[in-house]
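J.: Respectively, the protein sequence lines represent chains A and B. Heads up: the first sequence runs through residues 0 to 477, numbered per numbering that gives the first Met the number 0. Heads up: the second sequence runs through residues 0 to 425, numbered per numbering that gives the first Met the number 0.
Hints may be right or wrong, so weigh each one.
Here are the simulated SDA-like pairs of lysine to any residue, each with C-alpha atoms no more than 20 Å apart in a straight line [stated by the list, open to error]:
hint	chain 1	residue 1	chain 2	residue 2
1	B	K334	A	G107
2	A	K419	A	N378
3	A	K188	B	Q240
4	B	K358	A	G107
5	B	K334	A	K419
6	B	K334	A	S251
7	B	K55	A	L299
8	B	K265	B	Q240
Simulated from the structure, these hints should not be mistaken for laboratory data.
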Amino acid sequence: MSAADSCMWQLSSQPLSNPAMTQWQSPSSESVVGVEYLHDKNDARPIAAEGSEYSGWHGNANTYIKLHDATVWGNACYTNYTRRGVLYNETLHPQMVYPYLSADTVGGSLYGECYRFGGGYASLIDKWAWGISADYVAETGYRDIDPRPESITGNLHIKAGGAYKIRNYYIGIGGNYEHYTQSLDIDFKSESGKEKIYQLTGLGSHYKRFSGASENSFYSGNLWSISTDIYPHTGNGFSSSLSYQSGKITKSLDDLNNLPLASINISAINLSTAWINKCWGIGFYTAYSKRSGLENLFGLPVGDNYPLIATMEMYSHRNISARLTGIWQHGTCSSPFYISTRFSAAYNDDREEYDNATRLRSIRKCDINANIFLSQAFNDKWRISACADCTLSIPTSSSLILSGRNDSDRVERELIEAEKHRFDLLGNKYYEWFFMLKLNRRLTQKLTASIAANFRQTVYSANDISASKFGIFVSVIF
Amino acid sequence: MKKFFLLSLVGALLCTTSCSDDDNITPQEPVSVIITLTHPEDIDPSSVTDESVTFKNRTTGEETSTSNISEIKMLPGLYDVNYAASVTLPSGAKGALLGSKSGVTVSGTQCLLELSTYQMIPTDDLIIAEIFFTGTQQPSGTQYRGDDYIKLYNNTDHIVYADGLTLFESKLNTTERIDHNPNIINTDVSVQVLYTVPGNGTEHPVNPGEYLLIADTGIDHRDANPNSFDLSHADFEWYDQSSSATNIDIDNPDVPNLDKWYSYTKSYYVLHNRGFKAYGIARIPIDKDTYINDYKYTYNYTLVTPAGEFPMSADAYRIPNEWVVDVVNCSIEAKYAWNVTAPELDCGWTYCGTIDQDKTRFFKSVRRKVQLIDPAGRVILKDTNNSTEDFNPECVPSEIELQGTAISAAGDKATTITYDGVTPRM
């Protein structure tokens, strides 16, 4: 039984991201072509930069082909979306470039398109396995009223890995390189002038000197990671992965002679271990990540040439998490009847600081999650599957300090209010439930049609505001 | 298997250490700032008291003031520094000493700052009370040009004659600092526009507490733009014989024209509508022809662009600082680079709008603050040669207040009347 044939992959997905081991993801070839529609409405808007509503559809095609001693896989995807109610953010991927967002106080909708394609190859030679993969994602986002940001991003992932078989296990090492760029040009068509574009620096602060000084920015980043992985090639046994990621993303202001305003240093360590077999599995996952924000200070310019005075570490975001998960299942996904249940308990310690902790947001919380998945086949053609999931998030301690506030700065007041709102929502208890229903119809021996719908609701106890997310996915599998 | 693991972990550790960028990070530790003051020659340093210095951090906008100027510690950054003190003059009279330096880089372990001070002497002449450079908007939102003006004010207790007073605009922009040679900022103001009030010396008296309105175009602008106002009552207007058939200036024969000495433009001159210049008034003690012949000023500088560096030169006129009566540096926060005049003329700057092409700047002017109103009801305006302190930025222009005309493109009317854009008239 492979990982893909049961829900055990949830415990051992990290080793499978090594392209040398992706070949054990499924024992047979499979291709999926589908279309999905997603609607996400979150009036609470915990993160203003991500907006209050998302609606979009995407079409994707994935293929996974088993050859004699090799596996080939590929994917292509197109997404078209609208993100409404975006505030204090002009960029795409605000989580990626946070805290150094470009922002205005007008806000509005962002329309976007995303193209993704990639593929990989893995092979087995005697006791050795190796694999490579590459993915490229290009995305564009824009707004059609002032201020009119137009962002174009490019994200290239290259992975390579090798593994050696020792008894029942493959032991591997993998490497991943990611190159990220985002060009952001903000245009104004109004004859009467412009809005001010702010350069945010995190936790309600902004780089005052360059407020309104540059509408155009460029983000460029290089990230890499390495991992060591163990995976039982039968799908039964001990699975583990230890990975380390490091990288840097730099923001520069195009209108000021490509002034390197700030950079984010990223480092993360992840460890996942699991014991899995046909009936049950237990897994432990822990992660540590840190983002350090470095701001450059500049002297008096001559023309547009700004001399660098100093580089100061002003921002840091540290996250520590640990999760223990247990899974029990009866049958396999291809059995006439299949049931699995999953329970997990997680602890998360999230801490953001700015300017020597004069601004600080700290949330420590426990998450309890329960999940049940049922799947029943009817005669040889129909299969119905359902999933229910519930998560309760309970903060154990939380604190927010936003001192050093400049009351005369209107935008800083607004940004601080947004930070308080985010803290009110995420620093208090909230729960989330999820339900999914899927219907498969075998059309021919090799062709299956599938339709799935899911609904997720998050209820924040802080003000009883709820967020809902709905998705429907239609696909053919062959 | 063990070897494989060990090799992987060693590899990971090597990569971690070799990619560290921490070496270039400056610790967030304060830097000692040692100030060396150079007072005017006739000032006895022991007579200087109540010293204070203010550091404004351009990166964060934070201001730090201290009276202990011998022990100053500041975080690294770019600062604008202002010094103030009281002084007892040899005559026994009390006076004030001021000093300023913009764009002071504080970095490293120690910062040595040399600061020249000057004695604040009240002006015995007209002063600039208001500059309306942003203009108004048509109801459609497009900008309307021609209703810009400057108001002068007699802040003294006696009649001052405006005859011979020259209005000027700086050549250099406050938003773009250049290393130019020769740099005459400490001795002269480089200018690109000069218009002089005509008269024999006693033709245009301005009584104490009265204004002199100098308009770009002295007409009722409401005929062309219902959101504008009437300037046909202006005391003077500046008029240009344009060489461009499509850009013609309007001359109202009922409003006397200033005597044009020089203007850089071949069409017609308007105030910089975003306020990137310094505006001033001067008493030039020589005749126009002599001045035009003898006070030309050519400077060289290097234009630094992403495409490279290019040697440039520019022509202007210069006005010695001793001739300058008053000057006001204007700029915008997002692009302010420097003051284009010496600190003793103006050690601050004022503004309408904070960014280039700020859509909120229209229908606003800079107005000099009221210092006090004497028992006779005469308004004394603040004049410390520091435009940051002396002016209220982004005010409703006085002419708009007095005429109750529009304060926005939508046509909302002004409903209050103030002395200085802030202090309401009783």
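J.: Evaluate each hint against the coordinates.
T.: Hints and how they fare:
no.: 1; hint: B:K334 <-> A:G107; verdict: violated (27 Å)
no.: 2; hint: A:K419 <-> A:N378; verdict: violated (55 Å)
no.: 3; hint: A:K188 <-> B:Q240; verdict: violated (34 Å)
no.: 4; hint: B:K358 <-> A:G107; verdict: holds (18 Å)
no.: 5; hint: B:K334 <-> A:K419; verdict: violated (31 Å)
no.: 6; hint: B:K334 <-> A:S251; verdict: holds (17 Å)
no.: 7; hint: B:K55 <-> A:L299; verdict: holds (14 Å)
no.: 8; hint: B:K265 <-> B:Q240; verdict: holds (8 Å)
Of the numbered hints given earlier, the model fails hints 1, 2, 3 and 5; all others are met.
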